[in-house]
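All chains, please: the whole structure from these sequences, using the hints.
In this note's numbering, each residue carries its 1-based index in the sequence shown increased by 42.
Simulated from the structure, these hints should not be mistaken for laboratory data.
C-beta atoms are modelled at their ideal positions from N, C-alpha and C, and glycine is treated no differently.
A hint or two may mislead.
[What the hints assert, rightly or not] Quick list of simulated restraints, FRET-style, between CB atoms:
| id | residue 1 | residue 2 | range |
| --- | --- | --- | --- |
| 1 | T49 | M225 | 19 to 25 angstroms |
| 2 | I163 | A138 | 29 to 35 angstroms |
| 3 | R187 | E44 | 35 to 41 angstroms |
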Amino acid sequence: METVTLTYKRLPDRVNHFEQQLLYLDDDVIVTSQRVKPSSPIVQNGKTVLADNFAAIWFVFTGLWYDVGKVYNLNNEWTGYYCDIMKPVKRSMNTAGELDCFEITDLFLDLWVNPDGSYEIQDEDEFEEAIQSGAINTTLEKTARDVLSTLIVEVESGRLERQVQAVTNKMEFTDLQDYVEEMP
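If you want it as structure tokens, here you go:
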């Protein structure tokens, strides 16, 4: 399986690079996988839904201001979606025309979506700190808030789930859980 580099930027000047497995690519989406190392676990209804070494299948949509991570726990059970509010992805192609790396700029706000469709906004405190420090200007603040509101509508209408499923149907892996069980 092909490996691709994610350049992850966090305003004002933090840059990290992550190697991910490229699962699918077309003009509309990049799908990758990785084991995650979150800054802190997410707990919903008394259950840890995101923690170290959980598997994530990332759907990074061209032109959209968010991505979607389908998260699986250490028992390979789907725990929900982690959605980052971010600037639209930038792709970098190599001389052969293949995806070499892609870049996202995280805008701090996130949305956790449980399998039952309930959700919780994440990292509002970090977003407010970024605004106060000037890392996020008023235009970017408004855009991030608008995207979060739109994303919530997408979740409540079931469109987000249909969007992820439509991409999954195009992929080689019709059952992502089977793939996750084989991830290192």
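Each hint, compared with the structure:
no.	hint	in the structure
1	T49 - M225: 19 to 25 angstroms	22 angstroms, holds
2	I163 - A138: 29 to 35 angstroms	41 angstroms, violated
3	R187 - E44: 35 to 41 angstroms	36 angstroms, holds
In terms of the numbered hints stated before, the structure departs from hint 2 and from no other.
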